[in-house]
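Trainee: So the chains spell out like this:
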Amino acid sequence: MFKELNPLLHSELRLGIMSILISVEEADFVYIREKTGATAGNISVQIEKLSEAGYIEISKGFLGKRTRTVCKITQKGVNAFEEYVEALKSYLDIKGR
Amino acid sequence: MEEKNLTEKASLELISQMITSSRRKLEDGNGISFLIWGYTTFAISLAVYYFINATGDYHYNYLWFLTPVIGYIGMAVSKRDKTKHAGHAMNFIERTIGNIWMVIGIAAFLTSVGASFVRFPILSVMLLLLGIGTTITGLTIKFKPVIISGFIGMLSCAVPFFMKGYEQILVFGFICLIMMVIPGHILNYQGRKRHV
Chain A
1 MFKELNPLLH
11 SELRLGIMSI
21 LISVEEADFV
31 YIREKTGATA
41 GNISVQIEKL
51 SEAGYIEISK
61 GFLGKRTRTV
71 CKITQKGVNA
81 FEEYVEALKS
91 YLDIKGR
Chain B
1 MEEKNLTEKA
11 SLELISQMIT
21 SSRRKLEDGN
31 GISFLIWGYT
41 TFAISLAVYY
51 FINATGDYHY
61 NYLWFLTPVI
71 GYIGMAVSKR
81 DKTKHAGHAM
91 NFIERTIGNI
101 WMVIGIAAFL
111 TSVGASFVRF
121 PILSVMLLLL
131 GIGTTITGLT
141 IKFKPVIISG
151 FIGMLSCAVP
161 FFMKGYEQIL
171 VFGFICLIMM
181 VIPGHILNYQ
191 GRKRHV
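Chains A and B supply the protein sequences, listed in that same order. Counting in the numbering used here, the first sequence runs from 1 upward without gaps. Counting in the numbering used here, the second sequence runs from 1 upward without gaps.
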């Protein structure tokens with residue numbers, strides 16, 4: 001039976017951001033922009049949505065005189081990501097462990 | 001990348017692509033650290049040897065304390081430049097390597113301070129510490145040239161025991177060059193090759 005795909009993660013940019021954050025402990029805004037190739041404005045909107053859902057934590061600091069935004073995935077985000085991958089497997093008929 | 005829905009297959013491909021890309025990026029950062037510390041240690045070794053040889057004044061040994069100063073400034077500048085252009089991400093491996101070198105740095109500093117008061121084969125201890133750090137880093141990032149050079153460093157800690165006089169400073173500098181600079185260049189070369 002097909003599991004429902006989390007609509008918050010079933011979008012290209014948000015899934016890209018979550019995939020980056022699942023593989024590192026933390027990543028800054030510039031790194032995410034470089035990896036996804038998306039515009040700064042679009043990334044800001046999407047990380048705000050992920051933050052509101054409690055999937056990521058955002059902290060702001062300074063690098064020299066410039067502000068630096070750092071994103072980190074939360075346990076809730078990890079769980080949601082794992083559930084999303086499990087749901088994907090049901091669609092693609094991949095057997096879990 | 002945009003705000004749009006994906007097919008299930010495209011989602012899995014995207015996840016795989018992003019994870020692989022992030023992992024490679026983090027492996028690439030280690031070469032520059034070896035180069036900064038390797039060249040700094042080598043240059044300070046030459047300076048200490050030159051001044052002591054020229055003047056006979058052993059107080060020039062205090063120049064060793066410039067190593068952490070120059071090294072940390074170099075690391076900070078390198079990190080700032082890299083972060084400004086490509087951003088920065090920290091993973092478990094990078095944090096572990098950072099912690100290992102922080103502990104080794106503290107141990108090396110305390111040992112150096114101790115050597116100011118009590119005579120003991122400080123260069124051998126330093127080679128052992130640097131060799132341990134290099135080997136663990138190589139094992140952690142699974143990169144053979146770094147593992148081999150680390151072991152060479154650890155084995156060569158015996159060399160200063162068999163030498164008398166200030167020539168052992170020169171030998172120490174050259175061992176650091178072999179142990180850190182060569183693997184640093186190999187790491188950078190591998191990193192560049194991955195991006196071509």
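No lab work stands behind these hints: they were computed from the structure. All values reported here derive from a predicted model rather than from experimental measurement. Even for Gly, the Cβ is constructed at its ideal location relative to N, Cα and C. A couple of the hints might just be wrong.
Stated by the list, open to error - Simulated pairs of lysine-lysine, BS3-like, Cα-Cα distance not exceeding 25 Å: (1) A:K65 <-> B:K142; (2) B:K9 <-> B:K79; (3) B:K4 <-> B:K82; (4) A:K76 <-> A:K89; (5) B:K82 <-> B:K9; (6) A:K72 <-> A:K60; (7) B:K4 <-> B:K79; (8) A:K49 <-> A:K72; (9) A:K89 <-> B:K193; (10) A:K72 <-> B:K84; (11) A:K49 <-> A:K76; (12) A:K60 <-> A:K49; (13) B:K79 <-> A:K65; (14) B:K84 <-> B:K193; (15) A:K65 <-> B:K193; (16) A:K3 <-> B:K193; (17) A:K49 <-> B:K4; (18) A:K72 <-> B:K82; (19) B:K84 <-> B:K144; (20) B:K144 <-> A:K60; (21) B:K84 <-> B:K4; (22) A:K89 <-> A:K3; (23) A:K3 <-> B:K144; (24) A:K76 <-> A:K3; (25) B:K193 <-> A:K72; (26) A:K65 <-> A:K76; (27) A:K3 <-> A:K60; (28) A:K76 <-> B:K142; (29) B:K164 <-> A:K89; (30) A:K60 <-> B:K82; (31) A:K72 <-> B:K144; (32) A:K49 <-> B:K9; (33) A:K60 <-> B:K84.
What the hints assert, rightly or not - To give a feel for the contact side, a few chain B residues facing chain A, derived at Cβ under 8 Å: (34) M1; (35) I15; (36) M18; (37) S21; (38) I32; (39) M90; (40) I97.
Trainee: Compare the structure with each hint and give your call.
Mentor: Evaluated hints:
Taking the CA atoms of K65 (chain A) and K142 (chain B), the gap is about 37 Å. The hint is violated against a cut of 25 Å. The straight-line distance between the Cα atoms of K9 (chain B) and K79 (chain B) is roughly 37 Å, outside the 25 Å bound, and the hint therefore fails. Annotation: proposed proximity of K4 (chain B) to K82 (chain B) is violated, straight-line Cα distance about 31 Å (limit 25 Å). Of the pairs offered as hints, the one joining K76 (chain A) and K89 (chain A) holds, with about 20 Å between alpha carbons and a cut-off of 25 Å not exceeded.
Under the criterion of a C-alpha separation no larger than 25 Å, the hint pairing K82 (chain B) with K9 (chain B) is inconsistent with the structure, at around 34 Å. Between the alpha carbons of K72 (chain A) and K60 (chain A) the distance comes to roughly 12 Å, so the proposed pair stays at or under 25 Å and holds. Taken as a hint, the K4 (chain B) and K79 (chain B) pair is broken in the structure, with Cα atoms around 34 Å apart against an allowance of 25 Å. Taking the CA atoms of K49 (chain A) and K72 (chain A), the gap is near 14 Å; set against the 25 Å cutoff, the hint holds.
Between K89 (chain A) and K193 (chain B) the alpha-carbon distance is near 34 Å, which puts this suggested pair outside the 25 Å criterion. Only pairs whose Cα atoms come within 25 Å are accepted, and K72 (chain A) paired with K84 (chain B) is accepted, the gap being roughly 19 Å. Between K49 (chain A) and K76 (chain A) the alpha-carbon distance is near 14 Å, which keeps this suggested pair within the 25 Å criterion. The straight-line distance between the Cα atoms of K60 (chain A) and K49 (chain A) is roughly 17 Å, inside the 25 Å bound, and the hint therefore holds.
Between K79 (chain B) and K65 (chain A), the direct Cα distance comes to roughly 15 Å. Compliance with the 25 Å bound is thereby established for this hinted pair. For the hint linking K84 (chain B) to K193 (chain B), the alpha-carbon distance of about 23 Å falls within 25 Å, and the restraint holds. This hinted pair does not check out: K65 (chain A) and K193 (chain B) have alpha carbons roughly 34 Å apart, beyond 25 Å. Taking the CA atoms of K3 (chain A) and K193 (chain B), the gap is about 42 Å. The hint is violated against a cut of 25 Å.
Restraint check for K49 (chain A) and K4 (chain B): satisfied, since their Cα atoms lie roughly 14 Å apart, inside the 25 Å limit. Annotation: proposed proximity of K72 (chain A) to K82 (chain B) holds, straight-line Cα distance about 20 Å (limit 25 Å). Only pairs whose Cα atoms come within 25 Å are accepted, and K84 (chain B) paired with K144 (chain B) is rejected, the gap being roughly 31 Å. With a C-alpha separation of about 38 Å, the suggested pair K144 (chain B) and K60 (chain A) falls outside the 25 Å cut-off, and the hint is violated.
Among the hinted pairs, K84 (chain B) with K4 (chain B) is inconsistent with the structure: their alpha-carbon atoms are about 29 Å apart, more than 25 Å. Taking the CA atoms of K89 (chain A) and K3 (chain A), the gap is about 9 Å. The hint holds against a cut of 25 Å. Only pairs whose Cα atoms come within 25 Å are accepted, and K3 (chain A) paired with K144 (chain B) is rejected, the gap being roughly 44 Å. For the suggested pair K76 (chain A) and K3 (chain A), the alpha carbons sit about 19 Å apart, so the restraint of at most 25 Å is met.
For the given pair, K193 (chain B) sits about 30 Å from K72 (chain A) by alpha-carbon distance, which is inconsistent with the 25 Å threshold. For the suggested pair K65 (chain A) and K76 (chain A), the alpha carbons sit about 33 Å apart, so the restraint of at most 25 Å is broken. For the suggested pair K3 (chain A) and K60 (chain A), the alpha carbons sit about 36 Å apart, so the restraint of at most 25 Å is broken. Between K76 (chain A) and K142 (chain B) the CA atoms are separated by roughly 31 Å; this puts the pair beyond 25 Å, and the hint is violated.
Restraint check: the Cα-Cα separation between K164 (chain B) and K89 (chain A) comes to about 68 Å, which exceeds 25 Å; the hinted pair is violated. With a C-alpha separation of about 19 Å, the suggested pairing of K60 (chain A) with K82 (chain B) holds against the 25 Å cut-off. For the proposed pair K72 (chain A) and K144 (chain B), the alpha carbon gap of about 32 Å is over 25 Å, so the pair is violated. Distance check on the hinted pair: K49 (chain A) and K9 (chain B) sit about 24 Å apart at the alpha-carbon level, within 25 Å; holds.
With a CA separation close to 15 Å, the supplied pair K60 (chain A) and K84 (chain B) stays within the 25 Å bound. Hint status for M1 (chain B) relative to chain A: holds, with the closest Cβ pair at about 4 Å, below 8 Å. Because the beta carbon of I15 (chain B) sits about 5 Å from the nearest beta carbon in chain A, less than 8 Å, this interface hint is met. Below 8 Å, beta-carbon pairs count as interface contacts, and M18 (chain B) has one with chain A at about 4 Å; its hint therefore holds.
About 6 Å separates the beta-carbon of S21 (chain B) from the nearest beta-carbon of chain A, less than 8 Å, and the hint is met. Evaluation of the I32 (chain B) hint against chain A yields a violated restraint, the C-beta minimum of about 17 Å exceeding 8 Å. About 5 Å separates the beta-carbon of M90 (chain B) from the nearest beta-carbon of chain A, less than 8 Å, and the hint is met. Look at I97 (chain B): its Cβ only gets to about 13 Å from chain A, farther than 8 Å, so that hint breaks.
Hints 1, 2, 3, 5, 7, 9, 15, 16, 19, 20, 21, 23, 25, 26, 27, 28, 29, 31, 38 and 40, counting from the list given before, are not met by this structure.
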